[in-house]
Each structure stands twice: as C-alpha cells, then as structure tokens.
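*Asks:* From just these sequences and the hints, can you work out the full model?
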Amino acid sequence: MIVESVRWAATWAGVLVLLSVVVFPLAYRLLPGLPGRGVAFCPPLGLLVVSYLSWLAASVHLVPFGAPSLWGAVAVVAALSVLSEVQTRGAAIGWLRHNGRVALWFLLVFAAAFVLFAWVRGFRPEVRATEKPMEIGFLASTMRAVWMPPTDQWFAGGTINYYYFGYVQAAAMAHLAGVNAGIAFNLTNIMLFAMAFTAACGIAYDLLARGRRERGARSRSPLLPSLVGGLLLVVAGNAFALLRLLQDPATTIGQYFYEGVGWNSTRVIKDVFGPTNIFPQITEFPAFSFILGDNHPHVLALPTVLLTVAVAFGWWWKPLGGWRDGVPRLALTALVIGVLYPLNAWDVPTFGLLVVLAMLLRRPALWQRTLGAVAGVAAGAYLLFLPFHRGYISPLGGSYGGEPAAIAPLTAVPILGKLIRTIGLVVWPHTELGQFLVVFVLPFVVCGCLVGRGIAGRGVPLSPQARQRLLVAGVVVALLAIMTRTPMLFPTGLLVGGAIVALVRPVTRPNRAAVASPWAVWTGTDRAATALVLLGAALPVSCEFVYLRDAFDNRLNTMFKLDFQSWALLMIAGAYGVLTLLSTVQRAATAWQPDLRRFRLAATGAAVAVFVAFAVAYPLLTAYARTGHWGQTGEFGGPPEGWQGLDGYAYAIASNPDEYAALRWLEANAGTNDAIVEGVGNSYGETGGWFDDHYSALSGVPTVLGWYYHEVQWRGGDDRVRQITLPERRNDVSRLYTTTNMTEARALLQKYGVRWVIVGNAEKLMYGDCQAISQCDAKPAPGLAKFRQMLVPMYDAGGVTIYRVPPDGG
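Numbering-wise (our numbering), the sequence shown opens with residue 1 and increments by one.
Don't take every hint at face value.
[To be verified] Here are the in silico distance ranges between beta carbons for each label pair:
1. Ile-423 to Gln-87: 26 to 32 Å
2. Arg-220 to Leu-353: 31 to 37 Å
3. Met-483 to Ile-423: 17 to 23 Å
4. Thr-411 to Val-60: 33 to 39 Å
5. Gln-87 to Gly-157: 45 to 51 Å
6. Ser-655 to Gly-402: 38 to 44 Å
7. Leu-371 to Ala-412: 35 to 41 Å
Hint data in this document are derived by calculation from the structure and do not stem from the laboratory. Just so you know, even glycine gets a beta-carbon here, dropped at the ideal spot from N, CA and C.
*Replies:* Listed below in structure tokens is the structure:
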C-alpha cells in the first residue's frame, strides 16, 4: 500500500506540475502587476483552464468528458501559451531566466506541502462520515459522466443541482492521473492544501516584494518570510484549542478529534432559540477543513479564491493598458471570476467585488474606459459558464414557510415575496462577545499589526471634519451594539475604525525629505492590504443581522461561508501586517538607546511567541488527534493502525469485503445511462460500518433516491420537487421493496428507468423482517423474495444480490 500510494501521489503531483508549466505564459499575461508573475498560482490556474475546456466541450455535446478530451485540452493550453510567447517575444521565458529561483522556491513549497499533507492524510484516508459520502458521490458521478452536467447520484434522471465544478476539476485530475474515485478523493484534498498554502505564500511574497520596492528597501528576499502567509491562512487555528490546552492540558491532548478541540473549535458560537434549543453555528477555517478531510465546495474553491485575490492585486498594481495585452488579460479575469459561481456561489459577491473595485478605483480618471472593461469581464464571467447557469436552480428563495404571521401574506407579492423568502432577519440573541473573540482574536490581532502601524506613523493628523465623522460613527456603532445586543460590534468597530484611519492616510515614500523614520513610510500596497481588513471585518457583521434563507432557515450556512471568507481576507492582510511590523521594528531599533532597544526587542519576541502559540496549538493538537496519535491507536481507540495509505476505499475492503466486491462488480457492469435502486438511507447514517446509499455514491451509478434531506437542501428552490417529487420517490422506493405485487413492482421499476436492483444489508434491515445483519439471510422478507421470482440475479455472493431489470421492467 505504501509503494502504491507513493506512486499515485507522484503521478498526481507530476500531472499538476505539468499543467503549471504549460499555463505559466498565460499566468504571466494575467498577472503582470505581481512581482512573482503568477508562478505561485499556476497550479490552480492550469487546472482551471484545462478542466474548463473539457467541461465546456462536454456541456455542448461536442467532445465527451474523459482522459482524451482532457489531454486535448492540455494541448490547446500549450498552443495558447506558445502563441502568447510569440506575441510577447518570449517574455515569460525571459522572466524565468532572471527569476528562476522564485519559480523554484514556489515549486519546492508546493512539493513540501503536498508531501507533508499526504503523510498526514495517509493516517486517516477512509472516505466516511460527515459530508464525504455526498462528495465522493459527486466525484464518482462526474468521473462517470460522458456529457455535462453530471447525473445526481442520489436522484436518478436528474443532474447535480449543486456547485459541482470543483468535482469536475477533481475528476479531471483523476482521469489524467489514472486513479479511481477513492484514491482521487484523498489526493484532491492533499492537492487543495498544497495549492492553497502555496497561493497564500505567493500573495504574501507579492505584497512584501511590492511593498519593499515602494519603500526603496534593499533588504533580503521576501521568499522565506512569505511562508507566514501560508502558515497563517492555511495552518493556523482559532483560539479555542490554546484556551482548552491551558485549562486542562492532559484531557485536551488525550481527546479524539470529534470529542475534543478538533471538532468543537468550529462550534464555538451558539445561537439560543429557547431554553432547550441551543444550536451551534459553524465557524470553519481552513486548518479544520483540511484536517477533517471533506472536499466541500468552499474548500474546493479556496485555491481559486486566492487566485482571485491575486488578480485583484494585479489590477491594482497594473491597471488596464493597451487592448493588445488587455484583451487576453480581461478574458482570463472573466474566467477566474466566472468559475467562482459553479465552484462556490457564495464567493462571487465578495471576491468578484474585490476585483471590480481594484479595476475601478485604481484610475478614476479613466472611469469610462475601465467601466467598459468591467462590464466586459462581468458579461464574460456569466457567458463562459452559461451551460451551468441554464441548468442550475438556486436553493434560496423556496417556499419553506416559517415567516411571521404579520408578513406571511406578503410572500404572494411577486418581487417582495421573493425577497422575503430569500433574506431572513436574525431576531434571536446575537453572538456573545467571548464566543466571537475565541473565533476571531487571532485574525484581528494580526490585522491590528497592519492597522496599528498605519496609525502610529501617520504624520498628517486627521482634519477636524474627519475626526468629527469618526466620532459620530463610533457613537452610532456603540449605540447599535447596545440597542441590538450585538457586542461583537465593539471589537469589529474598533478594527474597522482604525482601518479607515490607516486607509485614508496619505501615501508617503522614503524619498521624501519629510520622512525621518521607517514608521513614517506608508505605501499604496499598505493601503491595498488595509482595504482587505475592511472587507474581511465587515463580513461577520452581516451575519448578526441578516442571513440567506435555505432549508435550514437560520444563519448556519451564511455564517459558515462568510466567516470562512473573512478568515482568508484577514489572514492575507494580517500576514503582511505582521511581517512589515517586525521589519519596521527591526529598522527602527537601530536608533534606540541600547537598554531600551533590548527591552523592546524582548517585548517583541514575547509577542511573537504568544502569537505562534495561538497559531500552532490547533493544527498540532488536532492532527495528533485526527491521525489516531500518529497511527498509535484507532480514531476512537482500539489497536494501532499505522500509516494506511491513500485509498479511501481501503477500510471497506477490510470491514465490508462482500459489499465491496458487489460494488466493484456494479461499477464494472453498469452502463453509462443505467440507474439503480437501493434503500433510501438517512443523511450521515451507516449500516454495518458503511454509509447509507454507498452503492450509488461510490460507483456514480444513480439511484432513485439517496440521502433524502440532502436532496431537500439541494433542490429547495424548486417547490414542486421538494414538496411532491422527493416524498413520492421515497414512498415509491419503500413500496418497491415491500410489496409482494409483482405487477406493481414492475410499474415502479419502469417509472424510474431502473436497470439494477440492489438487495444488500441496508435493504434487508430497512425493508425486511430482520433486526440485525446476522439474521437477514435465514428467511428473506416476502417483499425482497419476490425479486428472485421476477428478475435475474446477475450478482449473488456474500449476502448481496444485484438483479438485472430487462427493458420491459421484468
């Protein structure tokens, strides 16, 4: 297993490096304002362009999705890169000749992150629990797809109504690397970690290099300090782990992931709907996401989100020039923004707005020309993914009910009703101050380094009018916090107010005669990073007052997605803030008196030590817990398991060998357009140590209905499907397995176009007479026994029978 896992990982990483090399000339054109010219962002960009071309060809039924079309897409990207090099007279290759060590550095950073996280993931590779069954289902279905969009593995006859493009990218890599879905699932998670870490380091490098150039500094290369960007954004955790460790170190270290700080760090904020109704909200951050191992859309989108931030900085540092270079850059910008919606639609308003503002505000004198470019980017972003938009129905705005009696009649008004069904008001108690600080104290502190430096070195005082406005704004925020009982507005308002003061600080370069100390230098890059603080701090505030209504009808998803975005923005700005503050302190220390200098340097060292403790407590504790103490025990105790490799199906081979063999048979024998029927399981439910509806999820062959409540969430925007179709399918599946009327059973099989009927452990427990798996084979229930009379058993071994349904229904 170790040798095979190394081979799979090496092949996967090799393919990704190939895509990065092929796409670099296009990255060079997309990001001309970045000192690193996009080398750190080539992996997500290369994967995006290649998977997009293959997806588009399959969406218009031009070329089937699969390895041939993907390798064809690689050839197309290579041709475009060659054409770009011809147009620019070898500019990208010329840059590499003079900056090879930058490219080599980020290649090594990516490789190190990939290898390190592959080692961590190998201790707990099983695709099981939380949202992994849903995600492996989307991946397996996409890998099996010929045309796009892929079929929904838990809704036969329908396509995936979800943000599925991340699974297209994962499937593309699986086809190119030649691995199955179980292996691809883990390698995707490893790849996302390495890409996100490298991209975060890339943004930190670009900010530092650009800032140092603007300061006229001649200090050492910012390559090594750029690691702080990756460590803060991707590795660091919130304060929950350190606080628990200080309170009870022995218990905290010994607890397992789901019972200790690993899981509970993201359930700190709790909404109280009543004395006995306390609902934990989700405040996820990247370190939790990667250690948990789910490939959810917000995680799949993270490297592209960071690429979008880089694009925004690129437009800020180098605005639109001539159309010869501008058109390719605008087209690639449209692709990067456009893919955010099918990756994770929640990211579009935040990061799309970031790019638009960078384009519009950089050169206000040329606003008409820039506005035309922005309109072109927006139109291109939509049109490039038109096949997705035409087939996707948003789950927001459905007729879920639950509106207050006073406004319920207004839901019938066409526009107002849609607004009421889409936006909800937070009328229950808001977040407690202590809970909020546990989640956000680290991002706020590191951003405070940037804001504090901006305020401390301000040479020009605020005008009386500005101070007046700031005072009024502060009073308004304080009154709002008191009246609405929203205490998180106090620290947030303080950070935002400080960021505003720093943001409007005049730019001061070191070549000005008035500059007497490093504190007095304030550059355009400082202001751009401060703008990220404003946006990042504003996102959690919105969750305190409004939320987007979905099947949960509370702020769970809104807080989940916006806080994750906030973490990314604040940590990007914070990494730059910490590094520039330390650099400024170091330069200023040369002018201090010896005794005072030692004192201040000691204080700085102590602050850094506290900061490091906050940042690393979570990843160290949770990685130790999640891996079963580095393989010394099972996840919840038990015998040592050691390093298990990267096959996400391996646990099923050991615990469910009979059902695993049946799954492999189905996967090999089911046709492209076939459908199966298996028992309608419970969301997160398991039978015999394997999650419900695993045949459809792991093979990608769709079943009539899988996890019921997940389908309710995905299809909540279609009232008819949610209220009529889904209950009808659930009842029909139950009736199919329990009826003894073969005529009725044939009609149900024909109704859903079922080709294969699964009778395994889950079906026997759900629809049979037995109470335990060991009792099921002695005497099958009449409803299950009828299948042997009316259908042909094509697979019958180990207590699992798979029946073939003829075209006429049997």
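*Asks:* Now tell me, hint by hint, if it's right for this structure.
*Replies:* Hint check:
1. The hinted window of 26 to 32 Å between Ile-423 and Gln-87 is violated, with their beta carbons roughly 47 Å apart.
2. For the hinted restraint 31 to 37 Å between Arg-220 and Leu-353, the CB-CB distance of approximately 35 Å keeps it satisfied.
3. Between Met-483 and Ile-423, the C-beta spacing of about 21 Å keeps the proposed range 17 to 23 Å intact.
4. At roughly 38 Å, the beta-carbon separation of Thr-411 and Val-60 lies within the given 33 to 39 Å, and the hint holds.
5. A beta carbon spacing of about 47 Å between Gln-87 and Gly-157 agrees with the range 45 to 51 Å that was offered as a hint.
6. Checking the proposed 38 to 44 Å range against Ser-655 and Gly-402 shows it holds: the Cβ atoms sit about 41 Å from each other.
7. Restraint check, Leu-371 to Ala-412: a C-beta distance of roughly 38 Å satisfies the suggested window 35 to 41 Å.
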